[in-house]
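With the hints as your guide, set chain B onto chain A.
Here is how the chains run, residue by residue.
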Amino acid sequence: MAQTTGGVSFVNAKVEYSTSGSSFTDISGFANMVEVSGGDRLAGEVYTADGDIGIVTFGKRTPIDLGYTCVWTEGTSDPFERFRGYHQTADGSQVILRFSPQGGAGTGKISFTGTGKITTAPWIGGDAGSPDPLTFSIVVRTANILKGVTA
Amino acid sequence: MANQRFRVLAGYLAMGDTNIYRDSEVELDPNKEGTKILLEMGAIEKVSATASSSSSAVPSIPKPKE
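Residue numbers (the numbering used here), protein chains in the order written: chain A, 1 to 151; chain B, 1001 to 1066.
The shape of chain A in the complex, shown without the other chains (with noise of 0.2 Å):
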């Protein structure tokens, strides 16, 4: 079989969040990596007197993290204050987050949106011996994560 020509790196990718769903803010220039985990379908086994293999059952899928990793920036509409603002809010604000591998350029590429709350706060620390730009993350917990085109 051929090899695929359609290999995409995260180079380029395009990082957003919104609150609404209907205005997401791109933050591609803050954004340094995006994780994802979780998500896997839980399943069951028991063993018997009888036979060498278990009985395995199937359940539901978990929830999913979804995390950003971000540089830290003291604007007031940065990411960082941003999304302390929605962790500290009362109850925690919805925070929605999406990501296009492609950059969102061209109809029909792929994107991914995982709605749901901050769960690991996006609090920093520091290093004095380091050099790197300071970053901070944040992890949503969503219960599902869904596969969108771009228009």
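Careful: at least some of the hints might be erroneous.
As the list claims (entries may be wrong) - Pairs of lysine to any residue residues, derived as SDA-like cross-links and limited to a Cα-Cα distance of at most 20 Å, are as follows:
hint: 1; chain 1: A; residue 1: K117; chain 2: A; residue 2: S77
hint: 2; chain 1: A; residue 1: K147; chain 2: B; residue 2: Q1004
hint: 3; chain 1: A; residue 1: K109; chain 2: B; residue 2: D1017
hint: 4; chain 1: A; residue 1: K109; chain 2: B; residue 2: R1007
hint: 5; chain 1: A; residue 1: K109; chain 2: B; residue 2: D1029
hint: 6; chain 1: A; residue 1: K147; chain 2: A; residue 2: S77
In short, the hints are calculated from the structure, not lab data.
Here is chain B on its own, set in the frame of chain A:
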């Protein structure tokens, strides 16, 4: 040509800043290359050949009799 109504079959359709979620309807130009691509990939399906922004599908409310 007038826009036509399409139903979103993908998880959502990202239209600029907005997500149009699955089973919602959206008006698109059927002659645009982008619309054809979305149809081909099964992200949308045609709902009506006539509805458009200029021909409202919402029935008009009759005026009350004086």
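We went through each hint and held it up to the structure:
Note on K117/A and S77/A: the hinted pairing holds, with a Cα-Cα distance of about 19 Å set against a maximum of 20 Å. A distance of roughly 24 Å separates the Cα atoms of K147/A and Q1004/B; the hinted pair therefore is violated under the 20 Å criterion. At most 20 Å may separate the alpha-carbon atoms for a hinted pair to count; K109/A and D1017/B meet this at roughly 15 Å. For the given pair, K109/A sits about 18 Å from R1007/B by alpha-carbon distance, which is consistent with the 20 Å threshold.
Taking the CA atoms of K109/A and D1029/B, the gap is about 19 Å. The hint holds against a cut of 20 Å. This hinted pair does not check out: K147/A and S77/A have alpha carbons roughly 28 Å apart, beyond 20 Å.
The structure fails hints 2 and 6 (numbered hints given earlier, in ascending order).
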